[in-house]
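Q: Sequence:
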Amino acid sequence: MGRAQQQTLTQGEHHPVPRPDQLLLPPSSLSPRSHSSFPPGEDRTAEPVHHQPTATRVAMAQPGRGRDPELFAELWRACAGPLVEVPQRGERVFYFLQGHLEQLQEPTDSALLAEQIKMFQVPYKILCKVVNVELKAEAETDEVYAQITLQPESDQDNLPLICDPILPETPRPVVHTFCKILTPSDTSTHGGFSVLRRHANECLPPLDMAMPTPTQEIISKDLHGSEWRFKHIYRGQPRRHLLTTGWSTFVTSKKLMAGDAFVYLRSETGEQRVGVRRLVQKQSTMPASVISSQSMHLGVLASASHARKTNSIFVVYYRPRLSQSQYIVSVNKYLQASKTGFTVGMRFRMNFEAEDVPVKK
Numbered sequence: 001m002g003r004a005q006q007q008t009l010t011q012g013e014h015h016p017v018p019r020p021d022q023l024l025l026p027p028s029s030l031s032p033r034s035h036s037s038f039p040p041g042e043d044r045t046a047e048p049v050h051h052q053p054t055a056t057r058v059a060m061a062q063p064g065r066g067r068d069p070e071l072f073a074e075l076w077r078a079c080a081g082p083l084v085e086v087p088q089r090g091e092r093v094f095y096f097l098q099g100h101l102e103q104l105q106e107p108t109d110s111a112l113l114a115e116q117i118k119m120f121q122v123p124y125k126i127l128c129k130v131v132n133v134e135l136k137a138e139a140e141t142d143e144v145y146a147q148i149t150l151q152p153e154s155d156q157d158n159l160p161l162i163c164d165p166i167l168p169e170t171p172r173p174v175v176h177t178f179c180k181i182l183t184p185s186d187t188s189t190h191g192g193f194s195v196l197r198r199h200a201n202e203c204l205p206p207l208d209m210a211m212p213t214p215t216q217e218i219i220s221k222d223l224h225g226s227e228w229r230f231k232h233i234y235r236g237q238p239r240r241h242l243l244t245t246g247w248s249t250f251v252t253s254k255k256l257m258a259g260d261a262f263v264y265l266r267s268e269t270g271e272q273r274v275g276v277r278r279l280v281q282k283q284s285t286m287p288a289s290v291i292s293s294q295s296m297h298l299g300v301l302a303s304a305s306h307a308r309k310t311n312s313i314f315v316v317y318y319r320p321r322l323s324q325s326q327y328i329v330s331v332n333k334y335l336q337a338s339k340t341g342f343t344v345g346m347r348f349r350m351n352f353e354a355e356d357v358p359v360k361k
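Letter by letter, the sequence shown follows residues 1 to 361 of the UniProt record's numbering.
For the record, the hints were derived by calculation from the structure and aren't laboratory data.
Take these hints with a grain of salt, some might be off.
[What the hints assert, rightly or not] What follows is a set of in silico ranges between Cβ atoms, one per label pair, in the way DEER data are often shown:
1. Tyr124 <-> Pro205: 47 to 57 Å
2. Pro168 <-> Arg235: 43 to 53 Å
3. Met119 <-> Asn201: 56 to 66 Å
4. Met350 <-> Ile166: 22 to 32 Å
5. Lys333 <-> Pro171: 19 to 29 Å
6. Lys333 <-> Thr269: 31 to 41 Å
7. Arg239 <-> Cys163: 45 to 55 Å
8. Pro123 <-> Pro69: 33 to 43 Å
9. Thr310 <-> Lys333: 19 to 29 Å
10. Val344 <-> Glu153: 34 to 44 Å
11. Met119 <-> Thr189: 50 to 60 Å
12. Thr189 <-> Arg239: 20 to 30 Å
13. Thr189 <-> Glu115: 41 to 51 Å
Just so you know, these numbers come straight off a predicted model, no measurement behind them.
Glycine residues also receive a C-beta, built at the ideal position from the N, C-alpha and C atoms.
Modelling step: build the complete structure from the supplied sequences, incorporating the hints.
A: Right, dumping it as structure tokens:
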């Protein structure tokens, strides 16, 4: 879509319905945040590190040659968050249109959106089969997303009442991983990254404690196959584990902010991976050069309506860090949840993410 068309969609008084191939923009064009600066902070949990001129060069990202698909999937899941679920290929799911719309920018006119949904005559949930799932990450921000291809089932009137057979799960490799929410000190370009003792003992390669100052080099790759090198040192009073040389370049390159999280993963074979988990934020105003909010909503509506009427495939982009609301739910999970009766005043448990703990209830 050319610049002139983009400006018309954003600034014009009327918003024409885009073609289905124009509807669902890849997440790289929908980035909700800007990383122009780092937040200030007085708390310093890591000791200042004075880098040599070669330190910056050591940690510069370099293109990786291929990537292990199993480790990539594990790192993707760790960066997405412990509560994120992605459907399996061949699985039957319910696609909730309104949930998808809520993950986009908030509409400027809710009454207009309701009228548009009514105009397209799309039900609130559509029974679909998962044709394909691709796990990806934005090149600029490392934000993970899933490109999911769905095909509506031909029979939308007789929805399933019993669970589908459980599909065999793909074996997953054994990995040692930790995730730490970054403090202002961690994101300072003049400091280092403080690793919790239990994380270092359980996940990092063991240090030679016979050395006066135990030190080793951590060589790892990110979601794009780029290589990063960090100096892991055990020092201080009291002693603690730090990532020093190479860390500040990683922070600057990834545009990390306090509240984001650093993800580390090591396989049984010793391969190491690093990633980032962005702080969940409400999507801000879209840049005028991309596409208007109304046009995005119209696009999603038109795509779902066309796919349902023609029984054709359509593609959606699920961005778990933008919103934890899942709008693609497996048939089995939906049926099991619908059997639970909730009454006024009933107490229940709900999972949520918390600092340094995979899942809390």
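Q: A range of 20 to 30 Å was offered for this pair. Does it hold for the Cβ distance of Thr189 and Arg239?
A: 24 Å, holds
Q: Is 22 to 32 Å right for how far apart the beta carbons of Met350 and Ile166 are?
A: Given about 25 Å between the Cβ atoms, the range holds.
Q: Quick check on a hinted range of 31 to 41 Å for Lys333 and Thr269, using CB atoms only.
A: 33 Å, holds
Q: Using the C-beta atoms of Pro123 and Pro69, is the stated range 33 to 43 Å upheld?
A: 36 Å, holds
Q: If I claimed the Cβ atoms of Tyr124 and Pro205 lie 47 to 57 Å apart, would that claim hold in this structure?
A: 50 Å Cβ-Cβ, so the 47 to 57 Å window holds.
Q: In this structure, is the beta-carbon distance linking Lys333 and Pro171 contained in 19 to 29 Å?
A: The hinted range 19 to 29 Å holds for Lys333 and Pro171, with Cβ atoms some 22 Å apart.
Q: Does 43 to 53 Å hold as the CB distance between Pro168 and Arg235, or does it fail?
A: The hint (43 to 53 Å, Cβ to Cβ) holds, given that Pro168 and Arg235 are roughly 48 Å apart.
Q: Is 19 to 29 Å respected by the C-beta to C-beta distance linking Thr310 and Lys333?
A: Given about 27 Å between the Cβ atoms, the range holds.
Q: That 50 to 60 Å hint for Met119 and Thr189 (C-beta), does it hold up?
A: 52 Å, holds
Q: Just to be sure I understand the hint, the distance between the Cβ atoms of Arg239 and Cys163 should be within 45 to 55 Å; is that true here?
A: Check passed, 53 Å falls within 45 to 55 Å.
Q: Holds or violated: 41 to 51 Å for the Cβ distance of Thr189 and Glu115?
A: About 50 Å separates the Cβ atoms of Thr189 and Glu115, which means 41 to 51 Å holds.
Q: Could you tell me whether the CB distance from Val344 to Glu153 stays inside 34 to 44 Å?
A: 35 Å, holds
In terms of the numbered hints stated before, the structure departs from none.
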